[in-house]
Amino acid sequence: MALIELKDIARHYQLGEIDVPALDGVSLSIEAGEFVAIMGQSGSGKSTLMNVLGCLDNPTSGSFHIDGQDASTLGADELAALRRERFGFIFQRYHLLPHLDARANAALPAVYAGVGQAARGDRARALLERLGLGERLHHRPNELSGGQQQRVSIARALMNGGQIILADEPTGALDSASGAEMLRLVRELNDRGHTIILVTHDATVAAHARRVIELRDGRVVADNGTPAGHVPPCELPSDAPPVQGGGPLRRLQVQWREAVATALLALKGNRLRTALSMLGISIGIASVVSIVALTTAARASIETDLSSLISGRIPVWRGNPSLPPGVVPQPFRPHEIDSLRALDGVKGITLNRQMQLTARHQSRDAMLEAIGGDANTLKARKLKLVEGRYLNAMDFESRSQVVVLDEKSRDALFKKGESAVGKLVFVNPGMAPDAGAQLPGAPPPPTAALPFTVVGVVAPEGGAFSFSGWLGQLYLPHTTFSRKLDARADVDNFDVLLDLTVPPQQVREQIIHRLKALHGREDFGTWNGEEEFRKFQNVTGAMAALFAGVAAISLLVGGVGVMNIMLVSVSERTREIGIRMAIGARQGDVRLQFLIEAVVLCCLGGLVGVALSWLAAQGVNAAQQQLHVNISWAALGVAFAVSSGVGLVFGTLPARRAAALSPVDALARE
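Residue numbers (my numbering): 1 to 670.
Simulated from the structure, these hints should not be mistaken for laboratory data.
Capping the alpha-carbon separation at 30 Å, the derived lysine-lysine pairs in BS3-like fashion look like this: (1) Lys-416 with Lys-382; (2) Lys-516 with Lys-347; (3) Lys-382 with Lys-347; (4) Lys-379 with Lys-416; (5) Lys-535 with Lys-379; (6) Lys-382 with Lys-535; (7) Lys-423 with Lys-384; (8) Lys-408 with Lys-382; (9) Lys-415 with Lys-384; (10) Lys-408 with Lys-379.
Sequences are here, hints too, so could you generate the full structure?
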């Protein structure tokens, strides 16, 4: 059985509506170990025939058998396996990869056979030394002469064994001396048992073959046949035995390693373009990570402060806008307050005693809000001392006439830069509140201004919410407030503290039901702080997601830029794709190579973006103390994973386009 057998092979090309027959009914057979020259002028179909013989192109019709296997019915990956295992190519223009040295170029076919780096390196060295290039192992193609480059291509053809050597005009780009040396090497390969198929238009070159097949207009017009007495070799001799490929897992490992190395070389070869592409991904990742970190820090700060103020409590106040005209809302009496303490889910009740009054210091006066304070007032209202002291136990016990001002009231009563501590402030409550039940033995409300000594000044804690309104506030002992300003036992508002064992909304409904029964109408208002806090959390969460989405647009733009650059890379490296396919790369191998290149590009950009976001967080923290921005390792890991995902998503189209190229079309492009 012949090694190669063609029966009625036709290959037609469609140019618009015109059918162009490059091959028309070619039938021939080639025995193993033959040295065949296919000769013809330009346009005779010899290159098309070589492409069909080398499994680079499929015939339009006819059958094509290699060692009994019908190659015309095989798919792209099966043809790649045939090229990898049976064929070796020697091209007129050498077709070496410019970024690889001589040894790496020669070893390339073994990559797609799954051979480890050490084994294929040793094999390539042995082949190059046999071809006289032992001193040129680490030289790149542009550092080699034409003859030396052609020898590297011979070593590459022999890398996986090279049972069938296809030489396309191997002397076409060489001078006469180098051409003669090349023909000597080809003849030597044939003597060692390799089947040589040489394509040429030069009769002098064809004369070195033992068999000449002449084509004209796609047909065989002359064939002197297999030489009489030809005996096919039983095995393929060589100075170094063909390299045995690894299993599927080993092949995958080698492919990934080669793809990553190739990606780094390709990115290194276009440094400026790589840097600009990485910049888009870096800005996108840095924007997303920074915005998420900032919004998370802001949310945490705001929600912590707001939670301490409103979470876990239900404020209740006197008055309701829906009351009929003329109806006066009732204050809350002590027995009503006590009845609420017994409700399920009520941890306690805090009475809020406050009133508006006029305060005066020397010639300056202002309308302020007086608040009866206790030991927990500073903490509850998120205040801090900025001058003097706060109310102490002796002040509460002796009902001292001392007061603590906030910054608004201090600025209203004192000159700029003047210390308020130790000064007298006269407080005039004016009209007394609505009459109500008074504490036993309590004096009547004051009708004249009362002197109070300023003992301290407070201000809201940095970045925190506070209860301060548009009026300045002054804090006096709650015992003094009850005795000197408002002696009523009734209160106008209070806070119900929750133990959260009962749903806050259920507690609120119980409060409304109890007070409505006691007052006869709903002349009061309530507010579920816990429920409103959760609504606020939902709003801040939505805002954080919105900001992150806006930042992600820059990441999307960077991904589109990567896809565009990869499409350009595929266009520029079409011939490289063709070379890799010719020596045995499957479509999946090519797809993996360009996909990993996109992922590596995005990962490098992601690393830069992660570093930028971390540096930005450190800068923000160093510039201020109110908001601590923390970027966790988990966030950095997610950002890096996202950048990898961007590479996968936006590298898919270029990778698929590269893998879909025809080896013949790819090799024909410059």
